[in-house]
Amino acid sequence: MKRIPQHPKPSLAETTGPRYWRSLDELSATPEFQEYMEREFPEGASGMDGVDRRHFMKIMAASFALGGLGFSGCRRPETHFLPYAKSPEHIIPGVPIHYASARPVRGGAIPVVVETHEARPTKIEGNPSYESFGGTTDLLTQASVLDLYDPDRASEHRSAGRSVSRAELGDLLAGIGVSHAEGKGAGLAFLAEPSTSPTRLRLVAALRESMPKSIWAEYDPTGSDGSEAVATRLFGRRSRPIYHYGKAARILSLESDFLQEGGGQLRAAREFSDGRRVEKTGGEMNRLYQIESHLTVTGGMADHRLRLPSSRMAAVAAHLAERLEVRNAVADPETEGEIGDAFEWLDACAEDLAAHRGESLVVAGPHLPDQVHALCFLINKSLGNVGETVEFVELPETGAESIETLAAAIRDDEIRTLVILEGNPVYNCAVDMDWATVQKSVETVIRLGYHADETSELADTHIAGVHYLEAWGDARTEDGTIVPIQPMIMPLFDGLTELETIGRILGLTNPDSYSLVRETFGERVPVTDEFTRADADRVFQKFLHDGLIEGTQYPRIERPIQSGKAEDMAGRIRLPKAPDRENLEARFVADYTVDDGRFANNGWLQECPDPISKLTWDNAVLISPRLADELGIEPGRSMVQVARKDPNPGEDGRLRAPVVEVAIGGRTVRGPAVIQPGLDNYTIVLPLGYGRSRTGRVGTGAGFNAYSVRGSGNLHTASGATLSLTGETYVVANTQEHWSMEGRAIVREANLDDYHAHPEFVDHLGMESHTPPVYGKDKNLPLSEQVVDTPKGNSLYEHPVFDGTHQWGMTIDLNTCTGCNACVVACQSENNIPIVGRDQVRRGREMHWIRLDRYYSSGSTDNTKIPEDPQISIQPINCQQCENATCEMVCPVNATVHDSEGLNVMAYNRCVGTRYCANNCPYKVRRFNFFDYQQRELDKLYQGPLGPKGMPELLQMAQNPDVSIRMRGVMEKCTYCTQRIQKAKIDRKVQAQDSPDVEVPDGTFQVACEQVCPTRSIVFGNVLDSESHVSKMKESSRDYSLLGYLNTRPRTTYLAKLRNPNPEMPDSNSMPLSRVEYENKNHVGAPGEEHGGAGDHGDHEIETDGGRHG
Amino acid sequence: MSESTETAVGVAEIPAVLKEINPAVLKRPDLVGHNRSFSWITEKICTITEEKTPKWWWICFCVAGFIASFTITGLIYQVGTGVGVWGLANPMNWGWAIVNFVFWIGIGHAGTLISAILCLLKQKWRTSINRSAEAMTIFAVVCAGIFPVFHVGRVWFAYWLFPFPNANTIWPNFRSPLLWDVFAVSTYATVSVLFWYVGMIPDLATLRDRAKNKVRQVLYGIFSMGWRGSNRHWNNYEMMYLLLAGLATPLVLSVHTIVSFDFAVALVPGWHTTIFPPYFVAGAIFSGFGMVLTLMLPLRAVYKLDDLITQYHIDCMCKITLATGSMVGYAYAMEFFIAWYGSNPYEGFAFVNRAFGPYAWAYWIMISCNVISPQLFWFKKVRRNTALVWVISIFVNVGMWFERFVITVTSLAREFMPSSWGYYSPTVVDIFTYVGTFGVFSVLFLLFVRFLPIMAMAEIKAVSPQADPHHGHQ
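Line order of the protein sequences matches chains A and B. Sequential numbering of the first sequence, starting at 1, is according to my numbering. Sequential numbering of the second sequence, starting at 1, is according to my numbering.
Calculated cross-link-like contacts (lysine to any residue; reagent style SDA-like; alpha-carbon spacing at most 25 Å):
(1) A:940 - B:155
(2) A:1032 - A:1001
(3) A:949 - A:120
(4) A:1081 - B:336
(5) B:461 - B:34
(6) A:949 - B:80
(7) A:1081 - B:347
(8) A:940 - B:80
(9) A:440 - A:156
(10) A:940 - B:426
(11) B:304 - B:381
(12) B:124 - B:232
(13) A:949 - A:959
(14) A:949 - B:76
(15) A:949 - B:156
(16) A:565 - A:232
(17) A:940 - B:76
(18) A:1081 - B:356
(19) A:58 - B:80
Examples of chain A residues lying across from chain B (beta carbon under 7 Å, computed):
(20) 738
(21) 742
(22) 843
(23) 844
(24) 853
(25) 894
(26) 912
(27) 913
(28) 914
(29) 920
(30) 922
(31) 930
(32) 931
(33) 945
(34) 1043
Pairwise CB distance ranges, derived in the manner of DEER restraints:
(35) A:344 - B:333: 49 to 55 Å
(36) B:239 - A:799: 46 to 52 Å
(37) A:865 - B:375: 38 to 44 Å
(38) B:167 - A:90: 38 to 44 Å
(39) A:165 - B:156: 48 to 54 Å
(40) A:770 - B:375: 38 to 44 Å
Calculated from the structure, these hints are not laboratory results. Cβ coordinates follow ideal geometry from the N, Cα and C atoms, glycine included.
Using the sequences provided together with the hints, build the complete structure.
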């Protein structure tokens, strides 16, 4: 068969020089002429098309072969590749090139380094030059590379129902500029997403200058940051608080998910986790108090967590302000009773904060009302934190209008032309604004969008947007540092950037993004006597190379906060009625994976489990266990109800969630209700970003649209919601059904002071504490000797000899891991891990090589009742790379074996797929290709050989060529990124030449999960090198092997989790609740005692000391 | 005991049994009823293959063939699409396929036990049932063999489990119990076929001699290998049979021991137990006798074989079923005891979970069928009620399938990491592929009934009252 490579066609605008044509037909590109060009033979020669002799013979031969065997699935996959006809400059096939760039995010940008293979970007990593992020990235950035290769992205410009060329589009846009120039821009409006790009700022300024009557509005569906708004009002100019979590010993967070939200979440996570690193006993650790209605990732890390409705935060802040004597007479008798019995908690917390003046921090979630932010600023001021843990910086003015102003202008019929730059207001605008109608009433609507989505559907012209990996641009990080956005590849579908679109309307003749950015930058490079133009180019090159310009942070505001002004803003607290069963409080939150809906068509993110609920592919109405109880929702049912009714959800592997109807302000939405421990009792959480009506193949049918009940008055929190059961059920796809650790010593935890008293506590937990030491007498040998020399049991069988130069090992610090999931997708991107789809996840066949186990613990061994207020323990699990690997022993064909460097390696080609290894893996990290996930469409997996086959060409480009694609019937698992190890070793050997110095120095390379981890919880390296970071980590007294008693001797070890409760708090426990469960289950002594002593084998349960609020 | 030895120890005066007591010798029941003659036996067995094919046979054959097509369709679909069409998932990477494999291989145990061990133990009652039990064994092994082959992800490479020299010099992993399985099952299948065939040679010669058409003459002629029934033939034959019995006896124990290693060698709580080998062997014999009863009782009724399969035969089989069923019950109890005694929380949990977890329904089906129902065989009344015996034998079959299900699936579903617990549900393909194997088995068994002597005529004659020169008089 003739292969037709499907390259994007070059646009007419790009061809330079005079054009020649063979005939008028070619000039006008008639279909007849194109057919003529594609013909191999002149007309007539192929008159037998379809049934010529050769073709007939081929078909018949193939039919016989297939008919005879009936096993068309057995054939080896056939692949084509095209070599370069002429080798391009700078590209060595097989050697990736890295470029610095940045991904713009809400409130900032993440500086990145992109790995490109033969000019295809395949993997994104953080730019280590930007020190405050330390070269890490977040989940969404990791997944964003897949969007570039989304087969459903807008691939053409369309206007008035037909495809238009780039040149026509340019004329159209220029025409808009011309037609509105006369009226100084009257009748022209723009709606864009907020951006930090200096070039856009420059263009918008130019726009305002030439068309002062035009409207420039900005809109973000998840709303603006309340703390910025309050700071802006306080200082009289646009400003933003910057929190220094690293300097804070005590942090009180009011519903702030600072580890996940905002442009600086990576810095927050790094600083926060650094404050929790207890390298040695006696070390100090920060303490996090979290008050929230929803269970967030940050809340999961809290040492003390108080559940309160979101609407009570103002009362909490007021009470704290009063306690800390911020001002007089804040306490409002009306509000006193509204926070229930939380006063004791708050008072103890306030005392602790006051005891850490200048090194404490109170931070409020960006969605909270201005009152709360004003009060928090005041509290921080009175605690002496301003200038220490809190700073304010000044942001450049944007002068942007709000979407409400724009909508009003449209309703007043003032707008003739509306240009929407990205965003998706038709889908995600507040429902009472009825943006769809508003938009339709405008004469001409031009939409620049990456996807042809709901908004494009109602626009006259859709301009295909570009991905940030294929366009020039610039951005500023959270602290203001200017970073470049460099294209890695020509726009795949000839899309237009936002800058180019604005430039066209401005009337610039050839507004290509590069020139626009370069021009902006030219203003910053002083071309004076010293700096010639050539120098400016050199400086610009350095900017692109480094990926940032040092010293371009936003200026600090040194002015103190004016207390009076802030107090006025705090005003009097008016609280809505406290939520109850009939009057629920609904929270709207951006989803952790698909964000506000923009990632709905990203398969990696759809399949990435929510960090807390572990749901994939859908959202759900999250309800508290108490509410579920009152509604009469039975948590779960057995498939065959013979023996008993099962109290735990998903006990039969299927979480059947009852479908509920949520009514808010007269509008209703239906969705599955999932019980989420840790929620405020009468708060329901509606994650946004799902239920897209017009999206690609991946996102279609995912979840319900929570925007449909979200009015402009309650963008974040709505009171008066009601919830009713519909009687239907929906099976949600979650990756973890069982929530309890069952009193097993899997995640080992201790309180900080207990750890100081008993640094060896991990050794006294689990079966290892009862069985002979795994390492025998060699337990006290140095690690580097243990891994190569110690006897590995008394087996007759010869064990692998670990005589390699390196012995690889890993540690995962459970104390700092927040569970952000970045490692999951980083691994997926690096290792070509397929997605399997909702149906397969329901069956439990997800393929992630690293997963994050999330356990709830309540201290009770009775796990038939879902706890209302649990503690969260999160544990990343990848292949533990056991020295005595249980999987290897049982593989009948030697497909999984050990190498000399201690790695358990998989020979995919040798694997026949008995799956015995996966059964025998105690950690359950092996993943089996039940279908040809890489070759089949996910909804057609069961069609077998009859279904369509093959990966879309675009998706093929996303694959990492260093890692093989696994076919069906093959087992796979974490390899410790063996491709990276090999590359580092080869590079080192090349460097070493003839010298014996082939050991890869520590830190030369990082494995994918380690590289991305914002909290540096994962450390990988050579354990033979006693100076390596990983060896140092393994020396920690908190280091333990998971299920170590099995004598698997895993190379991945864990550092136990520490909690730092305040003993003065009413909910303080003398030991972590999972530990209480362990002690109760194993009938050992009272908390803190060394167990094994005489007479302490009583059956008494250890009570959790803390009173639980609710 | 002779009197001289008693004299030697000095207690000569009082013999152990006083002469005047003269205990009555219990008459052993006749192994062939109604004192049937040799020719009656020959006539009875040979007619089954010689008569016109009965209508019921055709009906049964068509139904069985239809059911067998389920397996074939299921396997074609599975191989063409992926193992995912079954209900497998992480952590239950083994499901019905392995359950069915162990189930069928267990059934295959009775044949060789009856032929070999009972032969060595000179249990004469084996002669009426050994032939069809051996046939059953072979057909069960055929059904069993389907599953381990097709459950692998890439069945076209399944031959890599065999140690064959290859250019890559990669050998199979001799530590893996699955590899031991390959050897154990293939050896067992080979020896069983040999044993079956060798035992059949004299009877095939009888059929050859009675054949009235050319085809039968030639085919039976070839397969009876020139048997003429001479003294030398009989001498060689008996020796051969004895040697094969000696060879097959350890296999009865080894096959299921090694199958149990698939589980016992793994570290999954609930699998990792040393009691598995004897427990599996007892269970296999238990299920094998269950299946023999299930097959023989209808056969006896259809062909009116009451004189050849007498009440005594049924009694014996019931008693073995009772004994092995009780052993299995003991093993269940012992597993629990050791789980508690070993005080390993993971093991302890695995067993409590079996009995009271989400799979408790399967566990209690297993207990009722395997432990409780055979206890009825203590009662003679029950043993004499053929219909009831047949029903109980079905229970035994059901119970033993559930035993394998309970062991394989409940252990895997809830292992060490609570985060990775799951629940196995079969798919339609699972169910059809399994049900189809009963069709495969029935097709083969029906062909056996129709074309081969279903009982060892020569051996039955040797143990019949007619063969006894004393005619019951001592």
